[in-house]
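A.B. asks: With the hints as constraints, model all of the structure from the sequences given.
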Amino acid sequence: MNSRFFGAALILGLLSAIGPFAIDMYLPALPTIREALGTDVDTAQMSLMAFFAAVGVGQLVYGPVSDMLGRKAPIYFGLVVFALGSIGCALASDIHTLIAFRFVQGLGACAGMVIPRAIVRDMHTGHDAARLMSLLMLVFSVSPILAPLTGSLVIRLASWRGIFWTVAGAAVLGLVLAATALKETRPREARVDSNLRTALGAYGTLLRDRHYLGLVFICSFGVASFFAYLANSSFVLIDHYGLSPTLYGLAFSVNAVSFIGAAQFTGKLGARYGLARLVRTAVVGYSVVMVMLLLLNVAGVDNLGVMMALLFVGYGFLGLVMPSSAVLALEDHGKIAGTASALLGTIQFATGACVIGVVGRFLDGTARPMLAGIAACSVIALVLAQVTLRHRRYRVAEPAAD
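Under the numbering used here, think of the first position of the sequence shown as 1, with each following residue one higher.
Hints listed in this document are in silico derivations from the structure and should not be mistaken for laboratory results.
Do not rely on the hints blindly, as some may be mistaken.
Said to hold, decoys possible - Here are the simulated EDC-like cross-link-like pairs (lysine to aspartate or glutamate), alpha carbons at most 16 Å apart as the crow flies:
| id | residue 1 | residue 2 |
| --- | --- | --- |
| 1 | K335 | D122 |
| 2 | K72 | E184 |
| 3 | K183 | D239 |
| 4 | K72 | D122 |
C.D. replies: As structure tokens, then:
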């Protein structure tokens, strides 16, 4: 892989990370925001769910628009909206205003989340796409390592409002990068047949493709299991286990390191064993570990060290599942890559928001509801993987010759 390959991964990863950075920096601040704005846990979490809901809905628009107008213009628009939403959040005087501007912020974040996946598909297919996707995820995943720690530091220096001024600045940096270092990968001639009618037709095609949907839902329940952790980990680790915001950031980062490290092996393992086989095997490991963690907790082992160790192993398996299943889902839909990526992202975030809502109904101050949600998602992903990938042969899933 040459420097151009790595350069593309760096730029796309940074653009992809701006939205998640706004999630992960925000997590250590949730208990503080709850107190500062005089609200309860459920209402404070609504600010997180509003962001997820906006990202889920907005991607349905950004994907087809990027197929019709090219990849760069929608990225510019999204980053501007994200910056404006961030400023609104920083100035919010009550929880309802914060929730509203978090929704606006989420609408802007969609661009950086959906379009880079389409750009990867524009540039590469097969194992090259898997390698680029895993490198993109490497940069993208710096967010869950650095963002909680950065968020904790910003809270100490500038209160929770400083978090939103920081991510607004990140959006401005993203605009500069997109304008100066990102090339258009959807040339004008490729957009000739892209319009509103074909976009709606593309969604119809995708919704009738059972194999695409199966892979999308494998991704979605994998992401949803992580969202269950995102939404509840600050309350569990800080309130239940007594960690400080800084120690919480460190604990959160450990799982991200596992996820990132494992993801870097997807290209080599996929080339050797096939991406489909890799997904099926990794999702088994993920499900076994997460169900074991829940059963231990139910049996009375309510220990932070045990939970963090098993989450570390489990999210390593998930790091193999996510890039591989995303590449497989987009492989057969290059002509409508933006739309296919958009639907994938929308279903991911809609599933994640639903799981957060369900888990939130059972919160009891312990880790058990969170762990139950994670385990349930892992089992559903396991069933979907076995059904979707058992008989179908994928072109990119064929093992490389020795």
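A.B. asks: Please work out if K72 and D122 have their alpha carbons no farther apart than 16 Å.
C.D. replies: Given that 16 Å is the threshold and the Cα spacing comes to 13 Å, the pair holds.
A.B. asks: If you draw a straight line from the CA of K335 to the CA of D122, is it 16 Å or shorter?
C.D. replies: 9 Å, holds
A.B. asks: Next pair to validate is K72 with E184; report whether the Cα-Cα distance is within 16 Å.
C.D. replies: 6 Å, holds
A.B. asks: What's the verdict on K183 and D239, does the C-alpha distance respect the 16 Å limit or exceed it?
C.D. replies: 46 Å, violated
When held up to the earlier numbered hints, the structure conflicts with hint 3 and nothing else.
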